[in-house]
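Colleague: Go ahead and model the full structure; you've got the sequences and the hints to work with.
2 protein chains.
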Amino acid sequence: MKKLEETTFAIVGLGLIGGSYAKALKNLKVKRIIGMNRNPVVALMAKDEGYITDICEADGKLLKEADVIINALYPKAFLEFVEQQVQNFKADVLLTDVMGIKADFPQQVDAILKPGMDFVSGHPMAGREGKGYGQSAAEIFNNANYIVIKREGNKPENVAFLKELAMAFGCKRVVELTTKEHDAIIAYTSNLPHIMAVSLVNSDSMHDNTKYFIAGSFRDATRVADINAALWKDLFLLNKANVRAEIAKLQAQLTKWDKALENGDEKLIVQMMEDAKHKREDLFNAKNFR
Amino acid sequence: MKKLEETTFAIVGLGLIGGSYAKALKNLKVKRIIGMNRNPVVALMAKDEGYITDICEADGKLLKEADVIINALYPKAFLEFVEQQVQNFKADVLLTDVMGIKADFPQQVDAILKPGMDFVSGHPMAGREGKGYGQSAAEIFNNANYIVIKREGNKPENVAFLKELAMAFGCKRVVELTTKEHDAIIAYTSNLPHIMAVSLVNSDSMHDNTKYFIAGSFRDATRVADINAALWKDLFLLNKANVRAEIAKLQAQLTKWDKALENGDEKLIVQMMEDAKHKREDLFNAKNFR
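Top to bottom, those sequences are chains A and B.
For the first sequence, this note's numbering begins at 15 and goes up steadily by one.
For the second sequence, this note's numbering begins at 15 and goes up steadily by one.
These are computed hints drawn from the structure, not numbers from a lab.
Mixed in with the good hints, there may be bad ones.
Since the list gives no way to pick one copy over another, a pair counts as held whenever it fits inside one copy or between any two copies.
Derived lysine-lysine pairs resembling DSS-like cross-links, with alpha carbons at most 25 Å apart [said to hold, decoys possible]:
(1) K254 - K291
(2) K263 - K225
(3) K293 - K186
(4) K164 - K177
(5) K90 - K281
(6) K273 - K263
(7) K90 - K254
(8) K16 - K164
(9) K145 - K293
(10) K291 - K90
(11) K225 - K177
(12) K145 - K281
Modeller: Printed below as a string of structure tokens:
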């Protein structure tokens, strides 16, 4: 396996996640970090701050130098990028992505790549509110889980390289999934909490004076209501069937609450809370979670 | 108005909230802090730690010394306490509570109190996960909002005293509400987020491997799923009509999401997220919120 200090990386899209990869890679003292960004000011800033060593222009010529290309663009822009730039990729490039939705992107990318090039898909279970390079930080990887989509045809050494890279970033664990498993699980653990936060804030009960009656529970429940709408619109729509199934399951729980309240069913109400308490304890016990 | 250093307080129920009052009162160097607790071990511990100066036994005799009684019992136990101990209250006692539900408790308490005694209801918009004295902390008041239920018949000097006490604890603001306003607002800002957290954890999508796919959004959305079930069961049921109305409004938002996804309505999806972003920014801007 290639050593990190001998590996040249290219990061395409220096937003919150792409910028975080640049910062984490710099910590690892990799050979070079090439940055490519639609808005040249951001790339200049990243270079000025020392998180990228070189700026790749729109012609993509510098991509030829990259052993590993990390694509941190929005889902739709990702495919366009591969189509436009594949002629500039190294013959044995390892291409990876950070997309929170997989759908049939891996197969679509495979169809564009030339033999010898390898797309190993994945992403860190990490992020934060807001968007853009200014929000990026190497620390988002600390103790996070990292998902790798292992597919038939991937070169084992590339899968191993990506897994080691994630652990070197400070991730706690790498988990392998199929694209289908990934999208179903993410609909529950990531897409749904975001929709819940937005829905709570958008409730008809929100008024000008609501701010005077808020404590920790409301603050936490709405933290991720401030998200990058343009990106998440794609994540939700590309994962539509799974997301709708999760909304339905949540609604079933809420309906259960409504009926229990209507019936004054003290036993069921206590049981729902006790169940949740134990399930959450299991989720977040020290061995399982950061 | 009575000075704090000349005022004797009694705290009934040394749990998470009662214990926090004891700790905050100690910081203020009040004259005496009498503690009363069903489980005597907790009262002994609080006295040993110096957060209460005296222990009131079940006979309630020591309550006679208290200028201010802070009742931090569960809603139903509160009424029983007032009925059983009213003969031990000072003739001009200021009685207050910390209950997250008001319903018709104030009128019920008034009916038990003797003329000259005054019940000024209220509570801090504060709390934390878990339960019990061990979780208590003076810091829960820091920058919190404090609600005072101002009713006809309350002595203005007592209302003023309670408001000053809340600010002395480190609260950011005191807001006055009627009981009806209180319960409707709390159903949205407190009851509903707790039900959402429990519902998310209890979804049929929860599996043994869910823990590997969790990031900040799920963690935050479920933080308050670990609550005191016996207490919250009462809070929910005593506020049943308001809580059910809030569940319905949330369901309406979720259904709006479901339809937008079904129809692939990109514009509506982006708009919902943008709306939520702006509403939340307004809620939590520095001027409004801790």
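Colleague: Give a verdict on every hint.
Modeller: Results for each hint:
1. K254 - K291: The answer is between: 22 Å across copies meets 25 Å, while 30 Å in one copy does not.
2. K263 - K225: Between copies only: 18 Å across chains, 30 Å inside a chain, cut-off 25 Å.
3. K293 - K186: within (21 Å within a copy, 35 Å between copies)
4. K164 - K177: within (11 Å within a copy, 61 Å between copies)
5. K90 - K281: between (49 Å within a copy, 17 Å between copies)
6. K273 - K263: This pair counts as both: shortest intra-copy Cα distance 15 Å, inter-copy 15 Å.
7. K90 - K254: Classified as within; 15 Å inside a copy, 46 Å across copies.
8. K16 - K164: within (19 Å within a copy, 71 Å between copies)
9. K145 - K293: For K145 and K293, the Cα distance is within 25 Å only across copies (17 Å; inside one copy 31 Å).
10. K291 - K90: between (39 Å within a copy, 23 Å between copies)
11. K225 - K177: between (44 Å within a copy, 19 Å between copies)
12. K145 - K281: between (44 Å within a copy, 20 Å between copies)
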